[in-house]
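*Asks:* Following the hints, complete the assembly by docking chains B, C, D, E, F, G and H with the ligands onto the known chain A.
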Amino acid sequence: METAAEMNKLFSDFSEYIRKEQDLKEKIRDEVKNLEHIAREITMIMQNVHQNPAQDEVLKCCNSSRANFATCKTHYAQLAALVPVNQFYHFNDMWRFATQKLAFLVSLTFFLETGKLASFEEVAESLGLKPEREKGFHLDLEDYLTGLLQMASELARFATNSVTSGNYDRPIEISKFVSELNAGFRLLNLKNDSLRKKFDALKYDVKKIEEIVYDVSIRGLRPAAGNADQAGN
Amino acid sequence: METAAEMNKLFSDFSEYIRKEQDLKEKIRDEVKNLEHIAREITMIMQNVHQNPAQDEVLKCCNSSRANFATCKTHYAQLAALVPVNQFYHFNDMWRFATQKLAFLVSLTFFLETGKLASFEEVAESLGLKPEREKGFHLDLEDYLTGLLQMASELARFATNSVTSGNYDRPIEISKFVSELNAGFRLLNLKNDSLRKKFDALKYDVKKIEEIVYDVSIRGLRPAAGNADQAGN
Amino acid sequence: METAAEMNKLFSDFSEYIRKEQDLKEKIRDEVKNLEHIAREITMIMQNVHQNPAQDEVLKCCNSSRANFATCKTHYAQLAALVPVNQFYHFNDMWRFATQKLAFLVSLTFFLETGKLASFEEVAESLGLKPEREKGFHLDLEDYLTGLLQMASELARFATNSVTSGNYDRPIEISKFVSELNAGFRLLNLKNDSLRKKFDALKYDVKKIEEIVYDVSIRGLRPAAGNADQAGN
Amino acid sequence: METAAEMNKLFSDFSEYIRKEQDLKEKIRDEVKNLEHIAREITMIMQNVHQNPAQDEVLKCCNSSRANFATCKTHYAQLAALVPVNQFYHFNDMWRFATQKLAFLVSLTFFLETGKLASFEEVAESLGLKPEREKGFHLDLEDYLTGLLQMASELARFATNSVTSGNYDRPIEISKFVSELNAGFRLLNLKNDSLRKKFDALKYDVKKIEEIVYDVSIRGLRPAAGNADQAGN
Amino acid sequence: METAAEMNKLFSDFSEYIRKEQDLKEKIRDEVKNLEHIAREITMIMQNVHQNPAQDEVLKCCNSSRANFATCKTHYAQLAALVPVNQFYHFNDMWRFATQKLAFLVSLTFFLETGKLASFEEVAESLGLKPEREKGFHLDLEDYLTGLLQMASELARFATNSVTSGNYDRPIEISKFVSELNAGFRLLNLKNDSLRKKFDALKYDVKKIEEIVYDVSIRGLRPAAGNADQAGN
Amino acid sequence: METAAEMNKLFSDFSEYIRKEQDLKEKIRDEVKNLEHIAREITMIMQNVHQNPAQDEVLKCCNSSRANFATCKTHYAQLAALVPVNQFYHFNDMWRFATQKLAFLVSLTFFLETGKLASFEEVAESLGLKPEREKGFHLDLEDYLTGLLQMASELARFATNSVTSGNYDRPIEISKFVSELNAGFRLLNLKNDSLRKKFDALKYDVKKIEEIVYDVSIRGLRPAAGNADQAGN
Amino acid sequence: QRLREAKDEQRQLIDDSSEIIKTFKQFALQLDAKHDRHERIVKLSRDVTIESKRIIFLIHTINSSNDSKKEQILDQANTRLKQVETNLFQAIAKELVGEDPHQFLRAFSAGLQEYIEAKTFYQFMVSASIPHWNEIQKDLTFAQEATEEGAEASEIQTPVLPTEYMLGVGDLTGELMRRCINCVGMGELDACKQLCGFLRQVYRIFAGFDTFGYKEFGRKTYVMRQSLAKTENVCYTIQVRGSEVPKHLLAQAIHMSMDNPDEDEGFY
Amino acid sequence: QRLREAKDEQRQLIDDSSEIIKTFKQFALQLDAKHDRHERIVKLSRDVTIESKRIIFLIHTINSSNDSKKEQILDQANTRLKQVETNLFQAIAKELVGEDPHQFLRAFSAGLQEYIEAKTFYQFMVSASIPHWNEIQKDLTFAQEATEEGAEASEIQTPVLPTEYMLGVGDLTGELMRRCINCVGMGELDACKQLCGFLRQVYRIFAGFDTFGYKEFGRKTYVMRQSLAKTENVCYTIQVRGSEVPKHLLAQAIHMSMDNPDEDEGFY
Ligand SMILES: [Mn+2]
Ligand SMILES: [Mn+2]
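Protein chains in written order, with the numbering used here: chain A, 64 to 296; chain B, 64 to 296; chain C, 64 to 296; chain D, 64 to 296; chain E, 64 to 296; chain F, 64 to 296; chain G, -9 to 258; chain H, -9 to 258.
Possibly wrong hints are sitting among the right ones.
As the list claims (entries may be wrong) - Partial list, computed: chain G residues near chain E (C-beta under 10 Å):
1. Ile171
2. Asp180
3. Arg190
4. Tyr193
5. Arg194
6. Ala197
7. Ala219
8. Ser233
Don't read these hints as lab results, they were simulated from the structure. Since this is a predicted model, take the numbers as computed values, not measurements. Ideal placement from N, C-alpha and C gives every residue a C-beta, glycine not left out.
Pulled out of the complex, with its shape left as it was, chain A reads as follows:
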């Protein structure tokens, strides 16, 4: 019975196809686990800045993180090798969470080193991701932005602990930075999704940091040079 044989062949092909996809998912999952592991490692390292907010100690942590980011590149490269170029979004949910966390850690490290915002391209580059969808395995804009919001929250805590350690400069620097970040986010027309919710939380971080600056200002703990006249405004 010829037709039956043909149909049989057809379905055997399908079966093979489905099996392959399941295997692929398994491999992706393994690679993502590696990324999540590194993310946890870096998180642990960066916890130390709260204990010891002196700039040279902070830079040590940053260096240590940077070494780990390098390792990420390898894993993202392996992930990219696994995922066919046009199927990025077919599997995207599997590594989304890890990427958000790593974006957070890169931008935190960057800020602590330079006092500046790590641009989208810089974060992508640090993790070995492409900055544009068209170019292949890329950093998704929403994941980058989610990472920035996580950073703002961590910086609020860092401002607190800096004061406790007698560093009154840092909260002011952080306040300026997070204020600008807040202004930036307000430019985005965020729909009512998960990003929007996280953005609403940002306002509280902003307020918290401002209160610290206020505490420092009102007690004259603000570092003098150049700012004294401004206070007289």
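*Replies:* What follows is chains B, C, D, E, F, G and H with the ligands alone, placed relative to chain A:
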């Protein structure tokens, strides 16, 4: 304040990016509506086969459907033009349902015309879709398979109405075909997802059709030539 | 403090508004209860046709129903007196369910009496409702249509019980009628609402009735002249 | 600090009160477990009727059930002794499920024995419950009605299995009975509660049974008057 | 057909019974609406204490509330007249919510007047309820306790607003009171029910109030003994 | 019919098995209730430290707790007698909650007495549990860890109340301790279970305590010698 | 629309011999007309929502009560509100002529509520009070040109139902809470207290409603209580922090805490 | 495993001066050991599940009770079941040596239940009855080689808990329902009745359990009732259809209704 300006620029870019994506979705949605509309049209046309299962009438319906499939090509082409090649899966859920229904209608039409299974490539071709992911805007295998299961269910109903109209040949032909289809699906290692559920329903369609064949056989309504000896087995 | 006074005025106006609306709702609810009560009565009467599908018994039930429809008119008149012009759709949900059920019962009665579809105007007239919004308290088109769909479902059951009582004519008559109804509904652009859902159920009723006709046909019980010989094969 | 001491005293009293109530609940639960155990036993006994629907075997099962109902009386008496007269409804939910199940089993047994509906008083009497609220530990009307609905569902299954055993009489008898039950329930103005939901299921049981009678009728298996012997085939 | 007539009679009786119960419920609902209306009135009155937490203003609100509690007694008396003595718990859910709210309002008023906890008997007496189940229409212990938990939550808010108005005394008084309440509740072995859930919220209220006292203390705003005038600033 | 007999044997064996297991569970449940009761008692005692954080008062509470821990030993011994060897984890869920709470209370008491972490062995010994599974009825490591996390949360509250009482030393001591604990927990590979969730909450406790130390520091209330001048700026 | 036409064509093709089919063709036209009207109103409503949200956003950019730009911004907001009324609500009103407006309420409810939120927010910033719904109704009532010869000119309107109005006011409280938080940043501490007082007033009234049968009110009251709590906490924070320094230094200190208060505009 | 090592390294780097840190390093080792064992058992269990499902699938391919291939298929099923026992369950048993097996029950429960489903399905096809769990326990008990010198050889096992056994039997009913439906297609009408009887027996027993505290049983009983109803409906259909022709013609007619009954193998 230079940094603030930079950051402002950065976020304006993001804002633009997000706006564009929302616009794109709007356009995709419009195109999908067109596809869904055509699918409803064809469904209406194909309803007529139950009323009048004579082969020449059936073929008229099939012709009428084919004309509509041609129109689908245009819309799929427009959809393909909208969706960047590597973002197929980013928006896939938006047209999945329409594609499944169309795959069902193509394979039904094909079977009624030829008595054969429309292959994956033939269905893709009829709708103007690529048969392989790598080649661009393609037909997803699961959508094709879902379409086949919908067809089996429709054929069970068609078998009933054929008998009512005095056509005792057709149920036997359908029975053979759906039996083979069932055998094919059994080759697939389907996980417990929506496809699996729909496949479980197939068994009842198979049983239903067999009962009709049984009814026909037991009353000697089966068309004679060549099969008579077999009945004596 | 003037603002406080203004605010108080605002909110006491609002309280007054709400209070009046709730009073009105209470009155409407009482009237609707009466309608629901009658609908239950008629439902009970019409259950008898399944027990005894002989046409003369069926007509007795129909007569009995008709008497009850007359009573509905009074209650609808009272309802109409309560509801301000142009607020029909403000309160519509309260009697929508009862009206749908009554529309179902009227059209069922009508079909059993005449074998025809009760027109929109006939159903409205039977219940003492206006056929157009402009003319007063009216029958909503969608409620009428919902009633028809309920009728189709009841007719599927009636077809079953007719066969049980040895009446093989009726299923064929019903099949023709429901088929036409189905074709009619397919002409409508139904939105994804409750009417759409009920229309989806019509598919199953059609199928069910087709299978009954199938059973009757294959056993040669079909009464039409030309088929008698076929059954004898 | 006097107030604190007072408050402590107050809460110790509450604690004692709560403890007592929990103890009482514990005792009630033990008694209810006994009832549930018996209900399970009877359920097991009554399962046998499906395997062997011959009337004499059925009656054996019924006798066996009756013995168990007698035991229920003791446990209900003990329950009544535990529950203060005005707190019946405070704890009612604890035995509601068991009582519904037992009401179902009593009415099923009664129907199989007599072909009639066990009245409310008969069910109450069988279980040793009072038929009226005012008289003490009573059978709640809703529990009785719930039991009847469960019976209808079981009878649909019994009709199926009777046919399988070649007993074509029984479905007709059951159909008549359940039809009347259905008409009765339609008189009740059930609100949107759990009973209402179960009542909606009755519609399906009625239909199911009607279809069995249909199947039997269309194949000429329906026993004409006096064809009792045919059932014995 | 005699049985059918009997069954009809049976179900007519049930129908009558159900109708009576629904009528009773309707009457109870009306009475409960009155109670809820008063509860809302008092809620509105007590909202004023947040705007103006000065003790004399607070006492004015309390007086105004007390007048309303008196009216409750009438409605509870009418409710008691409607509900048969042994069916309290059959309908209890209908007024449970209102009673909890009133218990909350009584105990809040009492605390604001006296700084003490209103005992179970005092709350019952204020609302015209019996303090014991056996004595008739009573206050349920769980409703009383639920009221207390609602009060704790409202006091947390009141502590906040007192500080805003420059009253640093009150939070300390509230903290002591709620702490004791918390200790009392910890004695109770609450099962996993709705009360338990509300009790879990108490933990947060306690913490919230402790943090207010903390804020006041660390800024040296805490009135030393005899510093009452400071609060007036 | 042999098979039926075999089946009956099978199922009666199983019934027997279930019955025995339920009896045992009942006994375990009673014993666990005793443990829960003691845990509630100790919780109430330890609430007092928040009211009166002076060290001598705190120690009184600790002594009082210790007496209760001794009673636990008896109940754990009885529990151990009930649970068959190698079935500890079959029933573990029944006392898990109580043990976690007791582990929390022991480690809290220990810290308040000594300022140190109660080791796993010390907690096990205090409750009369074995530190290793091989040695008998033991303390589960995860339950111990859960207890520690509950302690951290309670210490955050205690830090707040210490400041309220003018004790500025304690928050700093607590901060150091909880920081170390946090570092310790970060060494563990926690799976996504309940322990992981509670560990996530630790983050908030750490932050809360850091903010208290911040408040104390910025107001120059920090008692350490070298910081005094800084506060004077 | 295209689809509708295609379907119409299709209907032409279908056999007219059946009475039922003929009737259903009529039904189809009726249903299509209703759906089309509904769709058009929904689109207008969506535009109202978007523009109202933007106006709210604009009002949030007001920086300080004595800011020179305040009046300018409010003028702009007012102009845009007028545009919404004339361009969009008039169009909705036209669609409703001769119809039962309640039949299409669901189509324009969202837009109407958002517009009320914007309108009352605007008015609150101008006069510290909110207009009665009767006032707003006036702005949504339009003179209709006599369309046919001899027909006299009449009034058409988009109805401002009291419930819709009140739901809009409910949402307003959320914006006022946001405004309060922003005010702290700008050192406008008195404004915070004023906002808090107003929110309490609104909450008190909502708490006094019988929300039975008005589900949305229950939900909104709950959300409003949270907004109020946040606002009260802001006021509390101002008070306890203010306690540490003389009052007149407080606002100054808060200003100091921001580096360039005057350049901040647009960020808040 | 790689990750574990990385974490271990990390732990080396951390300052050991703190007593707490030292202790937690110990805890980490303990937890890791447990998790690793758990993971290994889960992997074995997953393999058991996959192979058991395949065996069930294989048994479903048995086509007719007098099929020459029936024995062949059953032999193959038996061999593969033996392999599961020796290769996989023995490995699980080794992991459980010296442990409280209940601590890891969740890790191997799924596999064990699926294996029981396959095993009882096999046995049912062989003897129309199912083995006692004590019988199955024997197959999952293994002689352990004396690992250390002088140590005496002993037995190790993967425990077959009665509840797990019964849950597996619960799932078996689903397979038997499927078998019943397939039997109609193959014309094995007597087998249908036999299966239906067996299902009733199992359902009856499940209905008699006190499922209080055994949530899964409640759920399974419900599903089982549905399977039973389907099976009863199959038998019903056979009966009413069979009524239309003499019995001896029925099976033949059913065969006739399939074109090439002998070539169908593998499809069902
Ligand atoms: Mn808003
Ligand atoms: Mn299975």
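*Asks:* Now tell me, hint by hint, if it's right for this structure.
*Replies:* Verification of the hints:
1. Ile171: With a minimum Cβ separation of about 16 Å from chain E (threshold 10 Å), the hint on Ile171 (chain G) is violated.
2. Asp180: 13 Å, violated
3. Arg190: 5 Å, holds
4. Tyr193: Given a least distance of 7 Å, the restraint on Tyr193 (chain G) holds.
5. Arg194: 4 Å, holds
6. Ala197: 5 Å, holds
7. Ala219: Holds: closest Cβ of chain E sits about 7 Å from Ala219 (chain G), inside 10 Å.
8. Ser233: It holds, given that the least Cβ distance between Ser233 (chain G) and chain E is near 5 Å, below 10 Å.
The structure shown violates the earlier hints numbered 1 and 2.
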